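Sequential numbering from 4 applies to the sequence shown in the numbering used here.
Do not rely on the hints blindly, as some may be mistaken.
In the SDA-like style, the derived pairs of lysine to any residue whose C-alpha atoms are separated by at most 25 Å in a straight line are [stated by the list, open to error]: (1) K69 with W13; (2) K106 with L56; (3) K69 with G92; (4) K69 with G101; (5) K106 with R58; (6) K69 with R47; (7) K106 with D48; (8) K69 with V171; (9) K69 with D143; (10) K106 with C80; (11) K69 with D17; (12) K106 with E60; (13) K69 with D38; (14) K106 with G59; (15) K69 with G16.
What the hints contain is simulated information worked out from the structure, not anything from laboratory work.
Computed from a prediction, not measured in an experiment: that's the story for all the values here.
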Amino acid sequence: CSNDRTVRLWPIGDGECQVLRGHTDQVYAVAFHPDGSRLATAARDGVVWLWDLARGEEVARLPWNKGFVWSLAFSPCGRTLLTGCEDAGARFFLVGAGTLIGKPLYHEGNVTAVAFSRDGALALTASAGGGPDTAARLWDAPNELALPRLLLQGGEFQALAFSPEGNVLLTGSSDASARAWD
4 CSNDRTVRLW
14 PIGDGECQVL
24 RGHTDQVYAV
34 AFHPDGSRLA
44 TAARDGVVWL
54 WDLARGEEVA
64 RLPWNKGFVW
74 SLAFSPCGRT
84 LLTGCEDAGA
94 RFFLVGAGTL
104 IGKPLYHEGN
114 VTAVAFSRDG
124 ALALTASAGG
134 GPDTAARLWD
144 APNELALPRL
154 LLQGGEFQAL
164 AFSPEGNVLL
174 TGSSDASARA
184 WD
């Protein structure tokens, strides 16, 4: 994704770069659908676009976010999309209908990273700002109730991921640290 309002798909082997155009502002986040048929992209204006990759065209827009969308993640089955936003909220969307599911999941600062567990039962969101420590939180997906464990790490969360087995979380922060959580 790029500040020039485009998204570029680069083939690993031979072939031409595919350029997706249409966003009216800088594009900050991208996520592939689990089956590879679609792509979600999000721009500074808060609008998330869903693209059909075979045709290279937009198929839907999700305009329900507030401010920049910093991060995107599809659930493992691909029916749900999770967005992380500048307004300290993360939001679940039903991909096929483009509708918002439930209420936003709020943090103290920008939600800079989002992920789903391998089975799709849990969502992980991470915030930057809002105090001396930033927090990563586990949520029931797609419900908005937080699980009781709060993950604290210095700096701003920059990245996060679940292990393939789903029993370890890895977080990376602007304080040059990475942590593994059981």
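Run through the hints listed earlier and report the numbers of any the structure violates, in increasing order.
Numbers 1, 2, 5, 8, 11, 12, 13, 14, 15, in rising order.
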